[in-house]
Structure formats: structure tokens, C-alpha cells
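Trainee: Start from chain A and add chain B according to the hints.
As they're listed, the protein sequences go chains A and B. Just so you know, the first sequence maps onto residues 1 to 543 in the numbering used here. Just so you know, the second sequence maps onto residues 1 to 333 in the numbering used here.
I should point out that these hints are in silico values taken from the structure, not numbers from a laboratory. Please read these numbers as outputs of a predicted model, since none were measured by experiment. We put the beta carbon where it would ideally sit given N, CA and C, even for glycine. Do not take every clue at face value.
[Claimed, not checked] Straight-line C-alpha distance at most 27 Å; calculated DSSO-like pairs for lysine-lysine:
#1 B:K63 x B:K85
#2 B:K234 x A:K536
#3 A:K427 x B:K45
[Claimed, not checked] With the C-beta cut set under 10 Å, the calculated list includes, among others, these residues of chain B facing chain A:
#4 A29
#5 I58
#6 D139
#7 R159
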Amino acid sequence: MSTALEQPRAQETPNYLNAEYGWKSWLFTTDHKRIAVLYLISISVMFMLGGIFAMLIRLELLTPQGDLVNSDTYNKIFTMHGVVMIFFFLIPSIPATLGNFLLPIMIGAKDLAFPRINLLSWYIYIVGGLFALGAVVMGGVDTGWTFYTPFSTTYSNTFVITAASGAFVAGFSSILTGLNFIVTVHKMRAPGMTWGRLPLFVWANYATGLIQVLGTPVVAITLALVGLERAFHIGIFDPAIGGDPILFQHMFWFYSHPAVYIMILPGMGVISELVTCFSRKGVFGYPFIAGSSLGIAIIGFLVWGHHMFVTGMSTYAGLYFSLLTMLVAVPSAIKVFNWTATMFRGSISYETPMLYAFGFIGLFTIGGLTGLFLGTLGTDVHLTDTYFVVAHFHYVMVGGMVVAYMGGLHFWWPKITGKMYPDGWGKFSALLVFAGFNLTFFPQFITGYLGQPRRYHAYAPEFQVLNVMSTAGASVLALGFAIPVIYLLWSLKSGPPAGNNPWGAKGLEWEIQSPPTTFNFDQTPIVTEEAYAYAKHQEEHVG
Amino acid sequence: MDFPLWPEAASSVAADVDHLYIYLTLVSAVMTLLIFATIAVFAIKYRRRSPDEVPAPIHGSLKLEITWSIIPFLVMLTFFWWGAKIFFLNATPPPDSMDIYAVGKQWMWKIQYPGGQREINELHVPVGRPVKVTVASEDVIHSFFIPAFRVKHDVVPGRYDVLWFTATKPGRYHLFCAEYCGTEHSGMVGWVTVMPPADYENWLAGGGTGGTMAQQGERLFEQLGCSTCHQLDKQGRCPILRGVYGSQVKLADGKTVTADDAYIRESILNPNAKVVAGYRSDVMPTFQGQVTEEQILQLIAYVKSLAITSTAEAPAGAQPAAAASTQPNGGKQ
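Pulled out of the complex, with its shape left as it was, chain A reads as follows (with noise of 0.2 Å):
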């Protein structure tokens, strides 16, 4: 990215990217889109850092004896890739990225509702960030990214409180996220850009937006008190000095299990852009999908307790959770079902960005019927806390969230850039992200119904054959995330201009040129047609 702020050129016409030159220019910018960029970059290098600690478990895991790195180093890497890869990539990067950069624009506004807040959030982002680094540099903490107590508080000797400073810090950048996200949805819409008009990418945030500010508190006080009791010996969760430590796992899965949702609503956004694009066609039920995401936004409050089945709770609370879970499984297949009728008697083209979305609704529904699996409480007993619940998540996180985030990345980069990368380099890549993705998971699934526990340093050698399958897998997964890397920043120099609207798509962010202009529009565009109106295409915008 940094080849974009160097280049002055006096041909090029004006936009974002080179309305102002110089360091100071990004770091005191309150562009959205600027915002968007320094953002992409961050979480870009979080992804990196946390891959390379995925690409270490794996390598670990090629054999069943721990032999590679000792116990110790083992539990903080796993640690480590977990809450950079939760806290400072999934969580921020649909959101902080595209959202960020396209929110604004596809209501037809100027910036966010309050720019200097954004860029507040991406400080406040950045010094979580060096507090999770710093843990790292200073030594490492093993306390898993769910930071169990009172394993957390009184046992382990590392750096604890660092690391949940780390997420504490996060977390208001996130709030702040959402809260702005909330306020320029409510109160920056173009003229004639009504409730029901919204681009399904905007529902998606916004639903996204609510859980950030309602749930991140939680976890915030969680995170609190766990350093409260660790420095202060204060009696919250450890029971010898008066705790309880399932009081913890209440109050972190409250929060926690609605982060599911802030990781994967916004990709489902995303993915209700590219099947209309790439189908060319209006979205089918389009109330259906805009009200799924608010429904699993409400819904997902109410299901925390289904992490917590074995811990000894009420038989009747089970019940009550195993229910709620099965209810909040309805919206997620609604969207499935409605992306797939969107596709009937459409036509369909098949450019990177779509390869990402078929990826995404195969790998999302494998994951969301896993689901199930766990929330069901006679087979959960068997499962929780074994590989197989390592799948599903991953089959969620990585196979709908980041699928969906590099299939956005695809389809936007031609605007956020202004250039075009080689689709044939994106099409390969996608199919390696998409075999490399599986065979690293799902072996997973049957080493966790065998009973191989999740974050075993050594496992027992009759698990080793599907290991070695899933760490072959990882390795092709790597390779499919490195290549796009190369072609995107390739595209950066050398990628061939991409226009204003490469993919013949609908929406207002197309109606400007790209990349956009600080303000994006010259004028407040006026809307007059609902979201994807393929069939009116040439009908047009003042823009």
C-alpha cells in the first residue's frame, strides 16, 4: 500500500489518495477511506502475525510427540494466534475495512458521522495492538484467547494482564466503530435512500454495529475484573479466595459468543453484494435478508450458555440454550437459502470475487450445520472441547468470515485502488484458499469425534494420519493467501486502470470514479430505485 502514497503524478485526475502527500496527511487524516486504508494495512500484518503462529501449531502437530517447540511455547503460540486473529483481525476487518471505506459512500454521504472519532478508533486499535505485541515481545501469555479463570488470575505466570489489555483497548475501538456506523446510518442517508433501499452490505453493518456497542462492554468489565483479581487478589472468579470461576465463563461468553456474529454478519454483507452483482440480478427477499441480520444480532444475545453444556450448569438452562441455538440457526439459513434463489434464471459470471462467494455459502453452511452438532446437548458432551469444535469455528471464521473478507477485498480493490488485478491469479488463488481451507479442517472434524482434545501440545499417535492431512492442508492455504499479496500490491504499480465500474454492478459506490474523490460525490446523489435495480441499469443517478 505504501507505493500509493508516493506516487505524486500530475495526470492522474484527483482523489483520495492523492488529494495530500506525506506521513502527516494519513496519520491527521479523517477521510473514511484513508481511515479504511491505514486500517486494511494493520489488520493485514495482525493477519500475517497471526498466521505464522497458525503455520507454527501446524508444523507442531506433524508429529505426535511435542518435539518442534516445548509445552509452554506451544500454549502461548496457540494462545497468541488466537487473540490476534480474534481481536485485531476478525473482529475489525470487514468492518473497519470495507465498511469503513464503503459505508459512507453507499448511502450517498460525505464520511461517516463523526470522522475524528474514526480515526480515534484506528489510534485506539493501534495502541491495543502494541499491547498484544508487547505481551508477545515480553514473553507470552497461556491462558487460550478465552482466558479461563482462575487458571488466568492466580495460576499462570505470564503475561496476563498485558495481553487482556490488549482486548480491553480493542474492544473501545470497536464500540466506536459501531457506534459510528449506527449514528451515519440513521442520520446521513442521501435523499430517497430509505430503510428499504439500504444496500444489504449497510443492513449487515449496522446489525454488526449493535452488538459491537451493546455486547463489547461486557467483555470490557470481564477483562477488568480478571486484572483486578490477578493484580489485587480481589475475589471475583478463583474460589479459594471467595470466587466463582463459571461466573467468568458467564460474562466472557456473553460477549463472546455475540463477537461470533460481529465476525460473520459483515461478511454476510458482503457476500449479498457479490451474488447480486455476479448473478446481475435483484436480490431475492430482500426484507428476509436485511431482517435475518438484525434477528441474529437480537437472537445471539440469548445463546451464550451453549459453550458452558458440561461445566455443570442447570440441566434446564441447557435445555433452554440448546433451544435459543437452534432458533438462532434460522436466519443464517434463510440468507443461504435466499442467496441461492437469487441466483435462479440469473446470469451468472464467474470473476474472482464470485469463485469467493460460492466458497463462502459452501463453507458457511458446512460450518453453520456443525453447529448444530454442538448445540445439540447429547452429542455436545462428546464434542465440546475437542477438534471437532476447532473445525467448526474455523469453518465459520475462516471459511465464511475471511473467504467472504478476500472476496470483498476482490470486488472492491478496483475502486479502493483505482487498478485492476490479474484475474487469473485471483481465480487460482481462490481455489487453493478453498481446497487448502478444507483439507486442513476437515480432517478435524473426525479427529474431534474420535476424542482428540483441542490445544494438546502431544496427542495420542492414532490421531496422527488426519493431523498430517490437515497440516499438508494449512500449508496450501498459506500459499493461497501469500499469492494475492503479490498480485494486489503488483496491482498497486502495474495493474492496468480499472474504470468506474468494472464488474457492470449496481450501488452508488459504483457511480463514482475510482479511486473516489475525498468527498466522494461532487453532488448529494439522489436516489430513486431500490438496491441491485439490474434490470433498470439504464436508469441512472446524478452523481
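Mentor: Positioned in the frame of chain A, the structure of chain B alone reads:
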């Protein structure tokens, strides 16, 4: 290369769980294939044939939306119902279960039998008899997991939890800690040996012990000085414990509690939490940090034995000989 794709099923619930799992897998496979096939057919049939074609919009269908919301939900309700049934049936141990006690401690499993036998990272059970395992933790949260039995329960410090199973097939099976518990989490593993009942009786007899759990508890009761105040036959400064176990105890604050394992454990570690009516609250010191979870279980076994008869009698298998299996460095697999 030979490697398993399905876990051994060696308990009475394993088949139930397997059947439910297979049902879930089949339904999921059908759903997934249906969606994959539909997408594949649409992607091919409706591929873009000319660059400027614009298909007619289809806005949706309320009937379809209702159909594909209700039908999946009804299918999911069958998951819920079947799963809840298994969960409920397995929640309460049968009344005729034999007792075994397991204490999780970074990073080992300490097993005790009512006859006083003790082992580390080894658990022996007979075929065909329900076994109730009372689990406790000395430090952090662990999880007691026997994949071949399809049972798992978290072991939470500060309280007792119970799980149970009936082994159905002799053999040796993994015992895992499933909740991450620190450095040697993956070393906190052991073996469950399932034996035919006759072999099991022989094994119990062969494991030399220092008396039954209750007898070990009685010795602790003397050593720790409990008996100076809790006298057996005449009123001391503290309540008489004979007959207390399982009874309703009136507390100083007017409430009533059942004197179960959890209550006795709490009274040892935090004596002032629930003081018996008619007694002073500051008499008994806490034994927090002075007794291990294993010893607390022995003390409870002793108190329990006082409830049964007037004199502590020795059940079968009690052999006050060398405590052979108590070395803490024993048997890590």
C-alpha cells in the same frame, strides 16, 4: 497406514450418542448436497451467455420464505429433542451406582476408591455396573473426558460435580483432560481399564490400601484434631457428627440445609459460612490449604460412615497394609 475413523464405543450411552451423531451427519450431508447441487445447477444453467443480458428481477416469495424457515426449524427441533433426551437420561446416576472419586490437579488425575485404593492417571472399572465419578479440582478447571464412553464433565475448583457411565466392553481406553489447564495440559492423560467383574474384584483386593476411604478419613479426623470438639458420643464444643450426613441441618440464621458432600466440604474449608443453630461461629478454624481435595473426600467418607452405623465397620477390601499405589510419581502415560 492403519488409522481409526470412528471411536470405540464402550459404554451404555455410546451407542445412543453415535446414533444421534449419525442422524445429524446424514441430515447435514443431505442439506449440504442439496444446496451445493442447486448452486451448481444454477451456476451452469444460468451462466452469462452474452455480456449485455439482463435477467428479469424476482423479488421474492413469502411462501418460500416461510417454507424454508419452518421446515429447517422443525428438523432442528428433532435434533434438540433427541439431544435433550440423551442429556437428561445421563444427567442423574442410577441409585445403585458404585462410587469412585477423581481429583484433577495440575497435571494429573488422582483416583480414589471407597475401599481406600488410590491410583494416578489410571482408572479401573468393572463391566456392566454403573459407576458414579465424583470429580473435584485442586487448582484450575479441568475436564474429565473418556471418549470411548462419550462422557465428559468439567472439573471445577470449589465444588463437586458428578458424572456416570456403565462400561460395556473390557479394554483400555483414553482418559483425557479436555479443558486447557496450563503447561502439561496434554500430559494430563491416563487410561481407563475396563475389566470383567471377577477380575475387578481381584484387582481391588490386590491393591493394598491403608484402610477404606472412611478409615483413612477417621485417621485424618484424629490427626487434624477434629475429634477434640466434634466428639462422637457426648456434646463437645461443636456439633456431634453421628447421623448428620444426609440429614436436614438447622442453621443459626434460621435456614435449613441438607448435609451433603458440598455442605461438609464447605464446613471444613469455610466453617463460618453456615453455622449450625445453637453454636458459636468463631470456634472452628478454617482448614483451607491444610487438607487436599483427596483428604476432604476421605473426611466426607468418614462422616458418611458415621451416618450408617454406630461403630465404623470395615467393608470388604480393606487391607491396612503398605499403601502401594499412592506414590505421586506413579503411572503417567
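Trainee: Hints first: check each against the structure and report whether it holds.
Mentor: For each hint, the structure was consulted:
| no. | hint | result |
| --- | --- | --- |
| 1 | B:K63 x B:K85 | 33 Å, violated |
| 2 | B:K234 x A:K536 | 97 Å, violated |
| 3 | A:K427 x B:K45 | 21 Å, holds |
| 4 | A29 | 9 Å, holds |
| 5 | I58 | 6 Å, holds |
| 6 | D139 | 6 Å, holds |
| 7 | R159 | 7 Å, holds |
Of the hints listed earlier, those the structure fails to meet are numbers 1 and 2, in rising order.
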